[in-house]
Amino acid sequence: MAHDHDHDHHHHEGDHSELSETALRVKALESLLVEKGYVDPAALDELIETYETRVGPRNGAKVVAKAWSDAGFMEKLRTDATNAIADLGFIGRQGEHMVAVENTEDTHNMVVCTLCSCYPWPVLGLPPVWYKAPPYRSRAVSDPRGVLAEFGVQLPENVGVKVWDSTAEVRYLVIPRRPQGTGGWTEEKLATLVTRNSMIGTGLALTPDQVTS
Amino acid sequence: MNGGQDLGGVHGLGPIDPEIDEPVFHAEWEKRAFALTLAMGFYGQWNIDQGRRARESMHPAKYMTSSYYQIWTEGLIKLMLDTGFVVPGEVHLGRQEVTPRDLHRDPVGADEVAAILAKGGPASRDLDTAPKFKIGHKVRAIRMNPEGHTRLPRYLRGCEGEVVAWHKGHVFPDTNAHGKGENPQHLYTVKFAARELWGKDAPANDCMHADLWESYLVPA
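Protein chains in written order, with the numbering used here: chain A, 12 to 224; chain B, 449 to 668.
Take the hints with a grain of salt, since some may be wrong.
[Stated by the list, open to error] Below, simulated DSS-like cross-link-like pairs (lysine-lysine); rule was C-alpha separation at most 27 Å, straight line:
| no. | chain 1 | residue 1 | chain 2 | residue 2 |
| --- | --- | --- | --- | --- |
| 1 | A | Lys47 | B | Lys526 |
| 2 | B | Lys616 | A | Lys87 |
| 3 | A | Lys87 | B | Lys639 |
| 4 | B | Lys586 | B | Lys639 |
| 5 | B | Lys510 | A | Lys38 |
| 6 | B | Lys586 | B | Lys648 |
| 7 | A | Lys200 | A | Lys73 |
| 8 | B | Lys510 | A | Lys87 |
| 9 | A | Lys87 | B | Lys582 |
| 10 | B | Lys586 | B | Lys616 |
| 11 | A | Lys38 | B | Lys526 |
| 12 | A | Lys73 | B | Lys567 |
| 13 | A | Lys77 | B | Lys510 |
Derived from the structure by calculation, the hints contain no laboratory data.
Can you build the whole structure from these sequences, using the hints too?
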């Protein structure tokens, strides 16, 4: 089980004998598919390495930092996010149709896929376990403020929450608000404030204090 | 289908329990399950909607208590059985029993992976028909009770919302998932007030959006 709450904060799936069965099942499957000539193990390694080391939320952080720094880029993100993001080199699988949703003084955006686990891979990489698991998928739409509280985010009542359920092939990227006290920062430095959760909408961007302390 | 995957609004599933500094994968088998699923998908013997349908066919109790990559693994096995890549005994033993399918091509090599991922698989399609709805139109999501695949979640059915974006033509999952053609339709983002979906106790200024195909909608 992804969520066994009998022991806290351990999603380590190798702990369970049931999951060792899964490990054996996957191992048998790979042996079979290699024996039948259907897959090249080197290609499997390449796929894994791509998403472990090259495609992840640092990509999205670059998009956000540029949006904060460059009004022209922000405008293009609003009107044609797919091509704006492609201009930075982030393209392809699970990012074919991108929409950027911008947090403002009175709006907070949050993204979910209630029906599966749709997520903008080119900018955020593969989704975390909680994003794909039933607790988040069930309540993100029915109780977004309760969900945000579980992530430590308390919004003032006057801030409306906009939830985006990724029911089609459109993928959403949240542009969090730029923290105060970051005037004159370079894009590289701004990107250090942009967390994965702030781009899903279950967090806010870090403040300068949080990264220097 | 009204299966275990349609989770919007379900109660009692516990805390979200995010993990600090979560790794991309939690075990070696997850990496392999992920990569095998993508690599077998590269043959184009099933589409993304058929992939989702295969995962959703799992018993709801099992779906809700399986991890993501377990669901992927079982979905992949089902797809490969359905398309004749493997037979059940082979999956059980992890050894070849019947001749492989002749796919008239070699498996994707490591040097081809980057280009395939970069290409992706856009779902947009050109349409000759004019969109039925415009931005600002009030619409209602239809009521339905499909045994087949759909991307209209239960929590939106019968509810009224407003079109806030139009994405032109997109492949229609309800037929594509069953090998009955892409039948592209206009796709819209529809905004629903939280109170329309969840009643008077929901916050007045919250709203939920979903991307919905034209045949899911009627004028309100």
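Here's how the hints hold up against the structure:
Proximity of Lys47 of chain A to Lys526 of chain B is assessed by CA-CA distance (about 17 Å); at most 27 Å being required, the pair is judged to hold. A distance of roughly 19 Å separates the Cα atoms of Lys616 of chain B and Lys87 of chain A; the hinted pair therefore holds under the 27 Å criterion. This hinted pair checks out: Lys87 of chain A and Lys639 of chain B have alpha carbons roughly 23 Å apart, not beyond 27 Å. Among the hinted pairs, Lys586 of chain B with Lys639 of chain B is consistent with the structure: their alpha-carbon atoms are about 9 Å apart, no more than 27 Å.
Restraint check: the Cα-Cα separation between Lys510 of chain B and Lys38 of chain A comes to about 21 Å, which is no more than 27 Å; the hinted pair holds. Proximity of Lys586 of chain B to Lys648 of chain B is assessed by CA-CA distance (about 20 Å); at most 27 Å being required, the pair is judged to hold. Distance restraint check for Lys200 of chain A and Lys73 of chain A: the Cα-Cα separation of roughly 10 Å lies within the 27 Å cut-off, and the hinted pair is therefore satisfied. At most 27 Å may separate the alpha-carbon atoms for a hinted pair to count; Lys510 of chain B and Lys87 of chain A exceed this at roughly 44 Å.
In summary, the hint linking Lys87 of chain A to Lys582 of chain B is supported, as the alpha carbons are separated by about 22 Å, within the 27 Å threshold. For the hint pairing Lys586 of chain B with Lys616 of chain B, the CA-to-CA distance comes to about 18 Å; that is within 27 Å, so the pair holds. For the given pair, Lys38 of chain A sits about 17 Å from Lys526 of chain B by alpha-carbon distance, which is consistent with the 27 Å threshold. This hinted pair checks out: Lys73 of chain A and Lys567 of chain B have alpha carbons roughly 21 Å apart, not beyond 27 Å.
Proposed proximity of Lys77 of chain A and Lys510 of chain B is contradicted: the alpha carbons are some 43 Å apart, above 27 Å.
Going down the numbered hints, you'll see the structure goes against 8, 13, while the others check out.
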